[in-house]
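**Student:** Okay, here's what each chain looks like letter by letter:
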Amino acid sequence: MLRRFGSGKKASTSFRRSAEEGDVALLSRVVAGDLQAFEALYRIYHPRLDRFLSLMTARRTVVEEALNDTMLVVWRRSETYNRQSKVSTWIFAIAYRTALKALRGVDDSVEPGMADELASEESGPEQQLIADQTRSAVLSALKALSPEQRSVLVLTYFHDLPYAEIARIVDCPVDTVKTRVFHGRRRLRALLQDDAGDRP
Amino acid sequence: MKARIFPIDTAEHRAAQELMPWFVNRTLDADEASSVARHIAECARCQKDAAEQNALRAVAFAAESGGDVDRDWAVLRSRIGAMPPSAKPAPEISKPRWWKQWLPITVAVQAAIMLSLVLVLVGGPLRDQRYRALGSPPAAVEPNAVAVFRSDATNQQMRDALHAAGASIVGGPTVTNAYLLRFNATAGPDGLARLRVQPGVVSVEALQGDAPR
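If you're matching them up, the sequences are chains A and B in order. Those letters in the first sequence? Residues 15 to 214, per the numbering used here, in order. Those letters in the second sequence? Residues 2 to 214, per the numbering used here, in order.
Hints in this document: simulated from the structure, not taken from any laboratory. Heads up, some of the hints might be wrong.
Listed below are the simulated DSSO-like cross-link pairs for lysine-lysine, each with C-alpha atoms no more than 27 Å apart in a straight line [stated by the list, open to error]:
#, chain 1, residue 1, chain 2, residue 2
1, B, K49, A, K100
2, A, K157, A, K192
3, B, K49, A, K192
The structure presented is a predicted model; accordingly, all values stated were derived computationally and were not measured.
Model the full assembly from the supplied sequences, consistent with the hints where possible.
**Tutor:** Structural data, given as structure tokens:
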């Protein structure tokens, strides 16, 4: 996973630009039916889409199906990418619509173990416990939000996307994105305070 | 410098609050970022908020993907393999905008021309609307002359004579070994006379007034 902690903004911008050029080159080959290029694109986007869809749908089986449905659209409809946005924006927009569709077919309950699975990371036992509790609380609180609020928070904090790109992904005005994030994080804070009050 | 508590409804504070998530994820442009940074430096409430959002972002980055890329790829690969070849549409070559605008008009004009050609081509046969089965005899053609060939005339001589005069056999031979002929429109007014002088021809007589002389 890409981490940008401590890296300069210029280096990050340069990396993003070359990654975008690579994505465009791969997608051009996918348009021509190049399955190897498609596999490369799939492996690049799998972790990012998996994380996004895990937080959006909260069910492992739904995540796997939605991820492959998303990439199947990329394979079959690659010629409709018109370079008006980044490849990543185009793919995430497909994933967002797929997630909303999937959510209409399942109940909202979080699959047992899903939050723990997302929260796992190596560290000392005591720190691990506190960190796990915090992560688990945040992830559970996220699930309590509407899909529209959840998606913009996930894309902002989990994927580090600029607001203009998020607006294109969820297909709404920039001001709506800002409002959703503002109200979403206020709700998240309230939910986390309630959770902290309930803990022994 | 000591931070102040800003009134919550000032435009500067509201703008900073609105942009804070993207200040934290470092995707604001330079002007927006410096404006928010200036405000945070002076606003205790926003400093606390920025710290909370950084903590949230740290949780977010700790959330690793739980998927198995090899297994998921194998599943998708089999789905693609099961699709018919036509399921992957042929790539569309990027065309200029004017082409897309004129395409429907061009197609409509082509369709109109093709329809006109079809009507012209089938118009003649359609005028004769009697139904004919494949085994039916051809439509009767009225003879306008009768000819008698020598008994030893060869097929080749008969064909050459008819070609030279612009006539076709439409009936016969009769009991008197005469053939009914039809002079075509290109035979000219002296068709009968030309046929009479051909080798192998015994006699040629007109049957109707429209026959050549």
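**Student:** If you draw a straight line from the CA of K49(B) to the CA of K192(A), is it 27 Å or shorter?
**Tutor:** Given pair K49(B), K192(A) holds - Cα atoms ~19 Å apart, limit 27 Å.
**Student:** For the pair supplied as a hint, K157(A) and K192(A), is the alpha-carbon distance within the 27 Å limit?
**Tutor:** Holds: K157(A) and K192(A) sit about 20 Å apart, inside 27 Å.
**Student:** Between K49(B) and K100(A), does the CA-CA distance stay at or below 27 Å?
**Tutor:** This hinted pair is violated, its Cα atoms lying about 34 Å apart.
In this structure, the one hint that does not hold is number 1.
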